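Please take these sequences and the hints and turn them into a complete structure.
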Amino acid sequence: DVKVTQSSRYLVKRTGEKVFLECVQDMDHENMFWYRQDPGLGLRLIYFSYDVKMKEKGDIPEGYSVSREKKERFSLILESASTNQTSMYLCASSSPDRPGRGYTFGSGTRLTVV
Amino acid sequence: DAKTTQPNSMESNEEEPVHLPCNHSTISGTDYIHWYRQLPSQGPEYVIHGLTSNVNNRMASLAIAEDRKSSTLILHRATLRDAAVYYCILRGWNTNAGKSTFGDGTTLTVKP
Numbered sequence: 001d002v003k004v005t006q007s008s009r010y011l012v013k014r015t016g017e018k019v020f021l022e023c024v025q026d027m028d029h030e031n032m033f034w035y036r037q038d039p040g041l042g043l044r045l046i047y048f049s050y051d052v053k054m055k056e057k058g059d060i061p062e063g064y065s066v067s068r069e070k071k072e073r074f075s076l077i078l079e080s081a082s083t084n085q086t087s088m089y090l091c092a093s094s095s096p097d098r099p100g101r102g103y104t105f106g107s108g109t110r111l112t113v114v
Numbered sequence: 001d002a003k004t005t006q007p008n009s010m011e012s013n014e015e016e017p018v019h020l021p022c023n024h025s026t027i028s029g030t031d032y033i034h035w036y037r038q039l040p041s042q043g044p045e046y047v048i049h050g051l052t053s054n055v056n057n058r059m060a061s062l063a064i065a066e067d068r069k070s071s072t073l074i075l076h077r078a079t080l081r082d083a084a085v086y087y088c089i090l091r092g093w094n095t096n097a098g099k100s101t102f103g104d105g106t107t108l109t110v111k112p
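If you're matching them up, the sequences are chains A and B in order. At position 78 of the first sequence the residue is numbered 78 (the numbering used here), and the sequence of numbers has no breaks. At position 54 of the second sequence the residue is numbered 54 (the numbering used here), and the sequence of numbers has no breaks.
These are calculated hints, taken from the structure and not from any lab test. A quick note: this is a predicted structure, and the numbers were derived from the prediction, not measured. Glycine included, C-beta positions come from ideal geometry on N, C-alpha and C. A hint or two may mislead.
[Stated by the list, open to error] Distance condition first, Cα-Cα at most 25 angstroms in a straight line; then the derived BS3-like pairs of lysine-lysine: (1) LYS55(A) to LYS3(A); (2) LYS55(A) to LYS3(B); (3) LYS3(B) to LYS57(A); (4) LYS3(A) to LYS70(A); (5) LYS18(A) to LYS71(A); (6) LYS18(A) to LYS53(A).
[Unchecked claim] Every beta carbon over 10 angstroms from chain B, so not counted as near; a handful from chain A, in silico: (7) LEU11; (8) LYS13; (9) THR15; (10) GLY16; (11) GLU22; (12) ASP26; (13) MET27; (14) ASP28; (15) LYS71; (16) SER75; (17) SER82; (18) THR86; (19) VAL114.
[What the hints assert, rightly or not] Covered stretches of chain B, going by a simulated chain A footprint (3 or more residues, C-beta under 8 angstroms): (20) 35-47; (21) 101-111.
Okay, structure coming up:
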């Protein structure tokens with residue numbers, strides 16, 4: 001079964017810490033995405049990557065950075081975590097030459113910054 | 001990115017059909033219509049997609065208007081396990097292959 005795996009289901013970090021959220025996919029997809037989800041705000045795109053070492057800002061990139069050194073892995077980095085970054089983070093992947101095919105999402109990481 | 005509009009919430013009785021609407025008036029000719037659902041504490045999962053013709057799969061049916069400016073996800077017999085948030089998005093052919101915009105979706109409540 002194809003999968004997108006996020007390294008942690010729940011995470012608690014302190015304000016000011018550097019936080020890494022890891023995402024791995026086994027479908028050889030070129031595109032990978034990081035979303036955050038907050039009540040009443042739907043899914044908001046933070047960053048996406050369409051190839052190794054390539055990245056583009058989404059709708060809410062402030063306070064985040066990303067890394068894609070290998071095709072299967074896409075990391076979201078919070079350089080200095082703040083309480084307003086407490087949220088559910090969702091990783092997804094897709095294939096660009098098959099828009100008829102959809103996204104595959106991970107199960108999410110619920111991050112709490114205290 | 002073209003956007004979609006969905007009602008915030010809908011209710012259904014168990015065993016009855018459910019029709020979840022989605023408006024996408026700015027859809028382009030090459031945009032696919034996708035539906036996802038998100039169960040509590042899980043990531044969204046794919047339900048169905050279509051381009052122009054109506055589509056059926058084991059989970060649901062998708063009815064697409066002739067002008068493609070709206071679509072309807074049909075659950076033929078709602079069960080309690082169908083209670084979820086349903087998202088309608090558009091995915092197109094472009095260089096970066098569709099970073100799609102997810103709205104708030106429709107929260108479906110199924111009553112026993």
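Hints, verified against the model:
1. LYS55(A) to LYS3(A): holds (22 angstroms)
2. LYS55(A) to LYS3(B): Holds, at about 23 angstroms.
3. LYS3(B) to LYS57(A): Holds, at roughly 18 angstroms.
4. LYS3(A) to LYS70(A): holds (16 angstroms)
5. LYS18(A) to LYS71(A): At roughly 23 angstroms apart (the allowed maximum being 25 angstroms), LYS71(A) and LYS18(A) satisfy the hint.
6. LYS18(A) to LYS53(A): It holds: about 21 angstroms lies between the C-alpha atoms, which stays within 25 angstroms.
7. LEU11: At roughly 15 angstroms from the nearest Cβ of chain B, LEU11(A) sits farther out than 10 angstroms, so the non-interface label holds.
8. LYS13: holds (20 angstroms)
9. THR15: holds (25 angstroms)
10. GLY16: holds (28 angstroms)
11. GLU22: holds (15 angstroms)
12. ASP26: For ASP26(A), whose nearest Cβ neighbour in chain B is about 15 angstroms away, the distance exceeds 10 angstroms, so it holds.
13. MET27: holds (13 angstroms)
14. ASP28: holds (14 angstroms)
15. LYS71: holds (14 angstroms)
16. SER75: At about 17 angstroms from chain B, SER75(A) clears the 10 angstroms cut-off, so the statement holds.
17. SER82: Given that every Cβ of chain B is farther than 10 angstroms from that of SER82(A), nearest at about 24 angstroms, it holds.
18. THR86: Non-interface label stands for THR86(A): nearest chain B Cβ at 16 angstroms, farther than 10 angstroms.
19. VAL114: holds (21 angstroms)
20. 35-47: Our answer is that it holds, as 7 residues pass the Cβ test (under 8 angstroms) against chain A, meeting three.
21. 101-111: Result for this restraint: holds, n = 5.
No hint from the list above goes unmet by this structure.
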